[in-house]
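Model the full structure from these sequences, guided by the hints.
As they're listed, the protein sequences go chains B and E. Note that my numbering has the first sequence beginning at 1, numbered continuously upward. Note that my numbering has the second sequence beginning at 1, numbered continuously upward.
Hints in this document: simulated from the structure, not taken from any laboratory. You may find that some hints are simply not true.
Identical chains blur together in the list; that is why a pair holds if it fits in one copy or across any two.
Taking lysine to aspartate or glutamate pairs in the EDC-like style, the calculated list, with each CA pair at most 16 Å apart, reads [said to hold, decoys possible]:
hint	residue 1	residue 2
1	K13	E43
2	K51	E14
3	K51	D78
4	K73	D350
5	K94	E178
6	K387	E327
There are 2 protein chains.
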Amino acid sequence: MDASFKKLLDISKELALLGYAQGVLGWDEQVNMPATGAPARAEAGAYLAQKAHEILASPQVGELLEKLSGWEKAKAPDSFEGASIRRMRRNYDKAVKIPAELVAEMSRASSEGFQTWLAARQEKSFRIFAPKLQRLVELQRQAAQALGYEKEPYDALLDLFEEGMKAALVEGVFQKLEAGLMPLVQAVAQHLERVDDRFLRGSFSEEDQWKLNLEALDFIGFDRERGRLDRSAHPFTSGFYPGDVRLTTRFGDTLTSALFSTLHEGGHGLYEQGLPAEWWGTPVGEASSLGMHESQSRLWENVVGRSRPFWERFRARVTHYFPELEERSVEDFYRAVNRVEMSLIRVEADELTYNLHIFLRFRLERQMINGQLEVKDLPEVWNQAVKETWGRAPTHDGEGVLQDVHWSGTSMGYFPSYTFGNIYSLQLVETARREEEVARGMEAGDFQPLGKWMREQIHKRAGLYSGMELLEKVTGRGPDPQPYLAYLRTKYQEIYGF
Amino acid sequence: MDASFKKLLDISKELALLGYAQGVLGWDEQVNMPATGAPARAEAGAYLAQKAHEILASPQVGELLEKLSGWEKAKAPDSFEGASIRRMRRNYDKAVKIPAELVAEMSRASSEGFQTWLAARQEKSFRIFAPKLQRLVELQRQAAQALGYEKEPYDALLDLFEEGMKAALVEGVFQKLEAGLMPLVQAVAQHLERVDDRFLRGSFSEEDQWKLNLEALDFIGFDRERGRLDRSAHPFTSGFYPGDVRLTTRFGDTLTSALFSTLHEGGHGLYEQGLPAEWWGTPVGEASSLGMHESQSRLWENVVGRSRPFWERFRARVTHYFPELEERSVEDFYRAVNRVEMSLIRVEADELTYNLHIFLRFRLERQMINGQLEVKDLPEVWNQAVKETWGRAPTHDGEGVLQDVHWSGTSMGYFPSYTFGNIYSLQLVETARREEEVARGMEAGDFQPLGKWMREQIHKRAGLYSGMELLEKVTGRGPDPQPYLAYLRTKYQEIYGF
Numbered sequence: 001m002d003a004s005f006k007k008l009l010d011i012s013k014e015l016a017l018l019g020y021a022q023g024v025l026g027w028d029e030q031v032n033m034p035a036t037g038a039p040a041r042a043e044a045g046a047y048l049a050q051k052a053h054e055i056l057a058s059p060q061v062g063e064l065l066e067k068l069s070g071w072e073k074a075k076a077p078d079s080f081e082g083a084s085i086r087r088m089r090r091n092y093d094k095a096v097k098i099p100a101e102l103v104a105e106m107s108r109a110s111s112e113g114f115q116t117w118l119a120a121r122q123e124k125s126f127r128i129f130a131p132k133l134q135r136l137v138e139l140q141r142q143a144a145q146a147l148g149y150e151k152e153p154y155d156a157l158l159d160l161f162e163e164g165m166k167a168a169l170v171e172g173v174f175q176k177l178e179a180g181l182m183p184l185v186q187a188v189a190q191h192l193e194r195v196d197d198r199f200l201r202g203s204f205s206e207e208d209q210w211k212l213n214l215e216a217l218d219f220i221g222f223d224r225e226r227g228r229l230d231r232s233a234h235p236f237t238s239g240f241y242p243g244d245v246r247l248t249t250r251f252g253d254t255l256t257s258a259l260f261s262t263l264h265e266g267g268h269g270l271y272e273q274g275l276p277a278e279w280w281g282t283p284v285g286e287a288s289s290l291g292m293h294e295s296q297s298r299l300w301e302n303v304v305g306r307s308r309p310f311w312e313r314f315r316a317r318v319t320h321y322f323p324e325l326e327e328r329s330v331e332d333f334y335r336a337v338n339r340v341e342m343s344l345i346r347v348e349a350d351e352l353t354y355n356l357h358i359f360l361r362f363r364l365e366r367q368m369i370n371g372q373l374e375v376k377d378l379p380e381v382w383n384q385a386v387k388e389t390w391g392r393a394p395t396h397d398g399e400g401v402l403q404d405v406h407w408s409g410t411s412m413g414y415f416p417s418y419t420f421g422n423i424y425s426l427q428l429v430e431t432a433r434r435e436e437e438v439a440r441g442m443e444a445g446d447f448q449p450l451g452k453w454m455r456e457q458i459h460k461r462a463g464l465y466s467g468m469e470l471l472e473k474v475t476g477r478g479p480d481p482q483p484y485l486a487y488l489r490t491k492y493q494e495i496y497g498f
Numbered sequence: 001m002d003a004s005f006k007k008l009l010d011i012s013k014e015l016a017l018l019g020y021a022q023g024v025l026g027w028d029e030q031v032n033m034p035a036t037g038a039p040a041r042a043e044a045g046a047y048l049a050q051k052a053h054e055i056l057a058s059p060q061v062g063e064l065l066e067k068l069s070g071w072e073k074a075k076a077p078d079s080f081e082g083a084s085i086r087r088m089r090r091n092y093d094k095a096v097k098i099p100a101e102l103v104a105e106m107s108r109a110s111s112e113g114f115q116t117w118l119a120a121r122q123e124k125s126f127r128i129f130a131p132k133l134q135r136l137v138e139l140q141r142q143a144a145q146a147l148g149y150e151k152e153p154y155d156a157l158l159d160l161f162e163e164g165m166k167a168a169l170v171e172g173v174f175q176k177l178e179a180g181l182m183p184l185v186q187a188v189a190q191h192l193e194r195v196d197d198r199f200l201r202g203s204f205s206e207e208d209q210w211k212l213n214l215e216a217l218d219f220i221g222f223d224r225e226r227g228r229l230d231r232s233a234h235p236f237t238s239g240f241y242p243g244d245v246r247l248t249t250r251f252g253d254t255l256t257s258a259l260f261s262t263l264h265e266g267g268h269g270l271y272e273q274g275l276p277a278e279w280w281g282t283p284v285g286e287a288s289s290l291g292m293h294e295s296q297s298r299l300w301e302n303v304v305g306r307s308r309p310f311w312e313r314f315r316a317r318v319t320h321y322f323p324e325l326e327e328r329s330v331e332d333f334y335r336a337v338n339r340v341e342m343s344l345i346r347v348e349a350d351e352l353t354y355n356l357h358i359f360l361r362f363r364l365e366r367q368m369i370n371g372q373l374e375v376k377d378l379p380e381v382w383n384q385a386v387k388e389t390w391g392r393a394p395t396h397d398g399e400g401v402l403q404d405v406h407w408s409g410t411s412m413g414y415f416p417s418y419t420f421g422n423i424y425s426l427q428l429v430e431t432a433r434r435e436e437e438v439a440r441g442m443e444a445g446d447f448q449p450l451g452k453w454m455r456e457q458i459h460k461r462a463g464l465y466s467g468m469e470l471l472e473k474v475t476g477r478g479p480d481p482q483p484y485l486a487y488l489r490t491k492y493q494e495i496y497g498f
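Right under this line is the structure:
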């Protein structure tokens, strides 16, 4: 048994090495590669992915898993062995259930979908994109059938991104969150003029912003000796290895736009740096789930980065680089970075209304996958729903149904992770604050104890548990929107004074 | 046959994709990677190399080559098919002749050798490095035996870097070159004070130097839309794909130190950008040889970059960024960048004395590999030879036998490529100048016709021929140091006035 397990770990390492190479290629593509390098990059990426799929889906893996299924040593669910086998089994099952032709077809449809989506968004015309989306929905429905599900096809896709998640659970949690959020949103909407962030708009040297962003990473404990920050069109994090974590950011319209991108990616980066290096390449060497990953980025971007104690500490660093803001108080900064705008664009949304965007996308993609909504009807349903919630409809598809990249590929089932990240983050903070040092630190703008707690409770456990299991183990319960709601209520009532 | 050839091309593509991933990983390692990322990078690199070796040395490749050996279509030596099969055969033979254990042993010894060399150089003590070098020489002797040779073991290693090259040929060419060079060197040595480059030393903004370097790349025709320039500790070029060519440079003690590094790598880069994209991934998709590659870098660094017409054009760009040099004439620049220093350090050597360093290294490594020189005697022999040629011995091993990285790995046989690059470059220029447009352009500081000629005659032919075959095809003869000698004689007689 020990020998079989060792063999399984060897295969896992091989998969990790192929994934590692893909990761470096992908990072370089977005950060450094000239556009004319694309043909070779696409071929190399596809080749490495295909090799990894061949290895993962090989009969040998199935036989090893079969053999190891009765292994006494693996029975303890918390054991490295048990968790490794369980995670490998999960990956193997998914790899063998989806036929190779379907994988290839999905890959092709994604490439075409992305290109067509770019063109359609440019033209602000959903009609251009509709046939490709139609095809992508069909393929994802086929994938759902192949993967299997108990209640509804969409569950099979959800599970790809958050193990054990079900649409009914998502809807239940979202309804609770929505019920609490909407009165808040409506109250804030009456007083939008009470918060002003115009002083953050204007021209700020990117060189100085860059230095400020590096300081922000140092401040939250991201180790820049074991990683780096670069620029890219769309910010992202690549954890090649705990000692080599790459973050990217981009500059935007306001002084804090890059800062919050950086804090967000920095949160992802802390998770990646906190994974145990000795587990690297094993099935449990990765983060527990996407939702849990998002909890860490949201934590540092919002719960920390948009808190008053953070600005009590960090204001001086901003005015150091931008002395023209010297007259602005901590309160000015705190209020400005929490300004609610009711944007129709998800990626520009504030903390309060962000989740409304997710509710909408989750419900529509669930209906499409379950066969209850036809692609051709999508823009109308989208616009209607936006009008009901935001009080105004998009003026064109570019600021409506075409705004997000996700549906141009095969990522249906992914959107809920964002909101679960928010929910998890506050459940974790609520638990962490039971430790006096953490609570006192957070009040005083010292977030080191909080970071240390996350490292011990979340990062170090890597993939020993699924995201929801880990949440339950650490907080004592499953996804619960109440701490998050309470946090938003307190924060926005105070800022907007109602 | 067509099907077998197609299969061979598929295998070649697979090898190219693995090599491509290794290339990107290697580039990133030197340009971006934090040191703490090294463990994963080393594992991934070794894994990809091992996979490539397995594929190349597989019986299937041997069978395909066997089958294709009688193919009529491949008989024309200039044909794509014939050249592909020949090149694949060469790579396959080398891969199968060296046993896997020896490959692994050489890889391990190289890693250890490099680390020990770093420490030894730090301590300026050859004794620290000697046991590792001893081992590396033994392993390379074993490799030479495995590869086979007619006259002497060193020939087998030479052939790894320059197909068909023999030690006797190298020695013959070097003797001719040396005989012509030494009187020149001695004459210049009498008048070293006649050239002054002190105005190039001092403090020059790296930001402005960077812009100047980018302009230099544009000037020589390197397409920065299909490549990029970065910084690294040791300048190098990686041609991932003709549309994605990466150069690096580094800043040094003089204003022109980075500039000449950039021009050198730019020359390599022009070769890589000029390879036909449609041949990428085929056995002939790469440059013809290392020596030919070096001919292109030396061409742009020295023959162009250290020419008077270049400075007639480029001086204004330098003074644009560094107006403090406005008083310096074209002549001042031209003379300064051609200053002879008789440095004991190869990488700091001027154009005139550079080759003396190569003669020394070639002769010593040839003797070591052929069993005529013992490692323990190396420093004494080195120092003695240096004293005879340079008139003074190194004051310690750090500026003597430990100065170069090459012997810390398994690169014996590589050094001659540098001098052959110099020799080839002038043979090519001599031929190119028979076209009036090229000659007129070179006089007028317009190097576009020269670049175009190299693209047509050298770059576009990629690996259709070996380096020496291509040289003969284009210039009508094999390696001949006379054009290079004539060039040096004219240049240095004029500059140093003797």
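(message) Tell me the numbers of any earlier hints that the structure contravenes, in ascending order.
(response) When the structure is compared with the hints, numbers 3, 4, 5, 6 turn out to be violated.
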